[in-house]
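Note that our numbering has the sequence shown beginning at 12, numbered continuously upward.
Simulated from the structure, these hints should not be mistaken for lab results.
Treat each hint with caution, since some may be false.
To be verified - Derived DSS-like pairs: lysine-lysine, alpha-carbon spacing no greater than 25 angstroms straight-line:
1) 342 - 300
2) 368 - 411
3) 412 - 435
4) 422 - 466
What the hints assert, rightly or not - Pairwise CB distance ranges (calculated):
5) 372 - 73: 18 to 26 angstroms
6) 85 - 318: 27 to 35 angstroms
7) 179 - 254: 33 to 41 angstroms
8) 226 - 434: 24 to 32 angstroms
9) 55 - 114: 19 to 27 angstroms
10) 461 - 370: 50 to 58 angstroms
The structure presented is a predicted model; accordingly, all values stated were derived computationally and were not measured.
Glycine included, each C-beta is placed from N, C-alpha and C at the ideal position.
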Amino acid sequence: MNLGIETETLEFKKSTGELKEAMNSISAILNKHQQGEIYFGVKPDGTVIGQVVTEESLREVSQKIKNSIEPKIYPEVKKVVMDGRNCIYVKFEGSQTPYFAFGVAKIRVADEDLTMSPQELADYIRKGDKEENRWENLVSNKFVDDVDEELLKKYTNQAHDVGRIAIEYTDKRTVLNQLELSEGNNLINAGKVLFADDLIQDIQMAIFATNERLTFNDIQRHHGPVLKLVDIAENYIKSNIHWRVEFTGTLQRTEIPEIPVDAIREALLNSFCHKDYATGQSNEVAIYKNRIEIYNPGSFPEGFEPQDFIDRPERPIRRNPKIARILYYSKDIESFGTGLKRIADACEKARVRYEFKKLKSGFVVCFYRSGKSEDESTDKIEKSTDKVRINTDKLNFSQKKVIEFILDNGKVTNKDVQQLLGVKDSRALKILKELVEKDVVVKQGKLKGSYYTIKKYE
12 MNLGIETETL EFKKSTGELK EAMNSISAIL NKHQQGEIYF GVKPDGTVIG
62 QVVTEESLRE VSQKIKNSIE PKIYPEVKKV VMDGRNCIYV KFEGSQTPYF
112 AFGVAKIRVA DEDLTMSPQE LADYIRKGDK EENRWENLVS NKFVDDVDEE
162 LLKKYTNQAH DVGRIAIEYT DKRTVLNQLE LSEGNNLINA GKVLFADDLI
212 QDIQMAIFAT NERLTFNDIQ RHHGPVLKLV DIAENYIKSN IHWRVEFTGT
262 LQRTEIPEIP VDAIREALLN SFCHKDYATG QSNEVAIYKN RIEIYNPGSF
312 PEGFEPQDFI DRPERPIRRN PKIARILYYS KDIESFGTGL KRIADACEKA
362 RVRYEFKKLK SGFVVCFYRS GKSEDESTDK IEKSTDKVRI NTDKLNFSQK
412 KVIEFILDNG KVTNKDVQQL LGVKDSRALK ILKELVEKDV VVKQGKLKGS
462 YYTIKKYE
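Build the full structure now, drawing on both the sequences and the hints.
Encoded structure:
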């Protein structure tokens with residue numbers, strides 16, 4: 012079997028004994044084309060000869076790439092069988108050019124890997140700094156047909172209604188072209204991030220049992236358009252923080268979160284807006300007993316400190332200016348360069364301690380929690396002449412909504428919960444059962460005539 016000839020994006024190696032040479036090829040191909048393939052077990056003329064492939068040999072290739080190529084890339088490394096012979100196949104991509112193998116930058120010319128001279132490297136870097144060469148402006152692997160049309164329509168209407176664009180929704184192709192998020196049938200990366208689904212747009216969320224990253228009580232991972240991921244992450248946090256209820260002497264009450272929701276959403280939007288998407292790393296939400304951390308895989312601007320953007324009007328430094336501009340149009344971000352100040356102002360107004368952490372691998376917004384346990388700070392609530400006591404620190408977001416419904420209507424049924432929260436019968440039953448177990452509500456009646464009321468205390 013013969014695979015043909017090597018090209019500017021395709022390289023053959025007889026075995027993993029040529030790993031060092033393969034690293035140079037990866038660097039050269041990335042610097043020229045930002046993606047490529049390598050086969051181990053194939054002669055330079057394309058003849059498949061095969062090689063021994065084990066878990067150890069696959070790991071050896073993966074580790075070599077990890078330790079030799081800078082900036083880091085995350086390739087696909089797997090065993091393939093061709094003409095009955097085992098080979099190793101590596102598919103790689105990256106847009107953080109220039110790439111270096113063992114500290115040296117190469118460039119692909121035909122099937123050769125040539126070393127860049129200092130002048131060539133300087134010219135290459137200057138070229139990469141141009142606006143059209145930014146990652147977000149490059150043509151992506153997604154098409155106009157991959158766009159979530161309902162999301163795009165909702166966005167366009169919102170941006171139009173707040174007066175920041177004159178565009179009205181007609182169809183996907185027209186609107187994406189007007190927003191400069193497509194080239195022909197393809198989306199550019201900014202359009203893919205905002206309105207299509209791809210694994211590079213993902214968020215990992217976890218609730219940890221303590222103040223350390225050891226044991227977790229829940230872990231979730233989602234991928235999709237950024238505007239959807241922000242909503243998912245915001246609801247996840249809101250459902251897993253403490254809320255307290257304040258009364259003003261009337262039946263109207265106010266639910267107050269331990270961390271201001273405006274600050275949470277601002278941190279999430281900034282996290283995706285300034286993410287370095289080329290790294291392949293996930294955004295993260297980590298909920299600990301004493302704090303909540305929102306992690307962005309994108310280093311903070313060199314030479315600046317977070318306080319610089321809070322104390323004085325520094326000019327905004329945007330990793331993804333087009334993504335930021337699109338979010339500005341819809342008023343998801345209010346104005347450029349003010350995100351950290353808005354977070355700080357919201358936290359200071361709510362008397363919530365916060366911290367901005369610069370990491371080598373990214374940036375973290377940390378919100379410190381109130382520290383109250385589930386047995387502390389019980390709110391006493393009066394409605395009509397009946398006295399009820401509800402420990403709101405015990406309740407999650409869904410449970411609070413059910414309690415609010417009971418206080419407004421005197422009771423709640425399983426069907427009421429289904430309609431209120433948009434859940435199925437089994438989920439509604441579980442929520443009500445949890446409220447009974449928490450000693451907050453009591454079940455009245457039997458079978459289809461059963462309903463739930465707030466537990467009263469003498």
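Against the structure, the hints:
1. 342 - 300: violated, 33 angstroms
2. 368 - 411: violated, 33 angstroms
3. 412 - 435: holds, 16 angstroms
4. 422 - 466: holds, 11 angstroms
5. 372 - 73: 18 to 26 angstroms: Roughly 19 angstroms apart at Cβ, these two residues keep to the hinted range, so it holds.
6. 85 - 318: 27 to 35 angstroms: Because 33 angstroms falls inside the window, the suggested range holds.
7. 179 - 254: 33 to 41 angstroms: Distance hint for residue 179, residue 254 holds at roughly 39 angstroms.
8. 226 - 434: 24 to 32 angstroms: holds, 28 angstroms
9. 55 - 114: 19 to 27 angstroms: Roughly 26 angstroms apart at Cβ, these two residues keep to the hinted range, so it holds.
10. 461 - 370: 50 to 58 angstroms: holds, 52 angstroms
The earlier numbered hints that this structure contradicts are 1 and 2.
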